[in-house]
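Peer 1: Spelled out from the first residue to the last, the chains are:
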Amino acid sequence: MSQTTKRALAASLKKLLLKKPLDKITVIDVAADCEVNRQTFYYHFQDIYDLVEWIYTNEATKALDGKKTYDTWQEGFLKIFEYVLKNSGFVRNTYHSVSRQHLETYLYNETYNLLIGVIEEKASGMTVRDDDKAFIAHFYKYAFVGLVLEWIQQGMKEEPRIIIDRLSILVHGDIEKALEKFRTPSR
Amino acid sequence: MYYSNGNYEAFARPQKPADADKKSAYLVGSGLASLAAACFMVRDGQMKGERIHILEELSLPGGACDGIYDNQKGFIIRGGREMENHFECLWDLFRSIPSSEIDGASVLDEYYWLNKKDPNFSLMRATVNQGEDAHTDGKFTLSDKASMEIVKLFMTRDEDLYDRKIEEVFTEEFFASNFWLYWRTMFAFEEWHSALEMKLYIQRFIHHIGGLPDFSALKFTQYNQYESLILPMVNYLEGNGVQFQYDTQVTNILFDIQNDKKVAKKIICMHNGAEESIDLIEDDLVFVTNGSCTENASLGDQNHPAGINNSPGGCWELWRNIASQDEAFGHPDKFCTNIPATNWESATVTTLDNRIPPYIEKVCKRDPFNGKVVSGGIVTVKDSKWLMSYTVNRQPHFKAQPKDQLVVWVYGLFTDVPGDYIKKPMRECTGIEITEEWLYHIGVPESEIHEMATESARCIPCMMPYITAFFMPRTKGDRPKVVPDGAVNFAFIGQFADTVRDTVFTTEYSVRTAMEAVYTLLDVDRGVPEVFASCYDVRTLMDSTSKMMDGKKITELKLPFIISLIEKGSLKKISGTVIEDLLKEYHLI
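The listed protein sequences derive, respectively, from chains E and A.
Taking full-length UniProt numbering, the leading residue of the first sequence gets 1, the next gets one more, and so forth.
Taking full-length UniProt numbering, the leading residue of the second sequence gets 1, the next gets one more, and so forth.
All the pointers check out, no bait thrown in.
Listed next, the in silico SDA-like pairs over lysine to any residue satisfying Cα-Cα at most 20 Å (straight line):
1. A:LYS22 - E:ALA11
2. A:LYS165 - A:ARG501
3. A:LYS22 - E:TYR42
4. A:LYS265 - E:CYS34
5. A:LYS22 - E:TYR49
6. A:LYS22 - E:ARG7
7. E:LYS122 - E:THR69
8. E:LYS62 - A:ASP19
9. A:LYS266 - E:THR40
10. E:LYS62 - A:ALA18
11. A:LYS22 - E:TYR112
12. A:LYS573 - A:MET542
13. A:LYS261 - E:THR4
14. A:LYS382 - A:PHE189
15. A:LYS265 - E:TYR42
16. A:LYS266 - E:THR4
17. A:LYS16 - E:ASN113
18. E:LYS177 - E:PHE139
19. A:LYS22 - E:THR4
20. A:LYS16 - E:TYR112
21. A:LYS219 - A:SER100
22. A:LYS22 - E:THR40
23. E:LYS62 - A:LYS22
24. A:LYS265 - E:THR4
25. A:LYS22 - E:GLN101
26. A:LYS22 - E:THR57
27. A:LYS266 - E:GLN39
Calculated directly from the structure, the hints in this document are not laboratory data.
The structure displayed is predicted, hence computed values, not measured ones.
Make a model of the complete structure from these sequences and hints.
Peer 2: Pasting the structure below:
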């Protein structure tokens, strides 16, 4: 066991999910793969679903890696796809389990962080209320995440770059336009 | 973490801390401090209960906050908690813990209503000559010199009291006063204990000086504190998914210590006879209760003395193992290496028939079976060589107690000297012998003492080698700070962690250190209530001064500085001002 137990357990679960569905994996399986006893698992997590939630919560904001500016948002969004591909067994399994909500929360939070970064950048020098900015970010968040979820459901086959290029053409200039509409007239 | 006071902060609820969902917590020990920390993490940190793990060496929670029925021995209370209205952190917590007694009420509501309906006060503070009133009569009997010594201590800076003993700051006249009799028996201070802690107590409870002689300053729970405080917290925590793991003794915590950063990396523990370890990341928070006043407490029974358990106490060993890793983690040996200076013995006497209760009623001047306050705090046997005190709380003191029995708590401050009726040191006495000594002092005729102690009562002695360990003289750094400088994911809580102005040997201290620890490590954005600031309130100071002088006017004192004030005409200068009004209101002129 070369890393701390929490991370080792997370790695073991991800590894096992490449072979078996989530609801077939027991605490004993994860502990055995990780070469710790069951009690050690319970020192850290209540059950497998608790571990799933921990993984999503703790991996949040790691994927984006700062790519949340107007010039790099496509890169940022691509990172989210890449995270999903890299963890495809884990993500596919949680998508088809009672833990799906944790996956969705993770995707929504990541995408929101990405979008609000871009919006704040574009809004600099403009007077736009914070709740209006948040509204814009939430609106696009659902569209973005919807594409990702659809893509996961269809087996992650389509090339993410193609989706992102198309999206890029579609929303080009939209954020500025939206901000312009919400701009508070200066007095 | 910051301190605050007033309703604005008291009634506010903090927002969920940003990283709350990433955190797990490990609490070493399940005493009041740990349980309180877990409650604050659930309520204010809004952490998931399932991520909070309480590791307890024994098979039940509560630490020193006890009250237990043992099938073989019967009812046992090692001690009892005296509480007050300005336990700011404690009441901040218990307003949110549901009462086990009253549907829809909090523990605070239950306690508040109880103490409104049945306020505590004593009708017999001390006795002499086998149960006669010692006529302390609410007087402090402080000489001018003794009063000045108190004032001087009150004004002394903490750093000037490091490693100093009470006997170094007071002289004979003070030790002869009723003030010292009240003080040492209700708080268990001895001459060789810390002068600093004594000062902190005087400042902390200055608003209660008037209520010290008859205990009208004190409030008590309905039952023993295990049933009235601990169980409601455990229910609250279990209801929120908090994980309790018993029979798990933490033996060490390993830290990674860099220049300005200290990280707890691993917990080592014994569980089911095997060594286990828990790896920690920086999002794993560890709360260590370092030290315990009930460590190595041992029980006797009717026919056996409790005896002193000298073996190395697990909690001290843990603290030593931690302390050896960094200077900031304190000096446990300052507190736990002088059992003669830190022990005393208590005993739980359960009366079994109707022979003893009339003697109790005679001393306490209340029917002990009336369900209300009985002794109203301790009764001290002023002429007892053991310096024995005893208390009869509201009965029943246990929910499971039979209606016709009384549970009485007895303690002796001096366990190494022969008694007055039983010519043996308390620590060598069986339950029967301790009951005999007590019966003698409440006025039972000698001819009936032995039979009554044997047939009409059951007594469980309890020797506590470290019960006043936290009162040992100390200096800066002997106790680790609640959150040491540079600590990222751990804190020290309980009676041996260091925070400012508050006083050890109180339930409040456990809850305060827990609240400060959680608010710091989780970055909860709400004020921790400061220690009640009565020592900075000029009205309280005047009022307590008048009461400490048993109502004398300052102009009657023969103290050099007062005389010079009068001679210089200072009293004339304040004539017609607010100062004169205040001095009159508090009976000082």
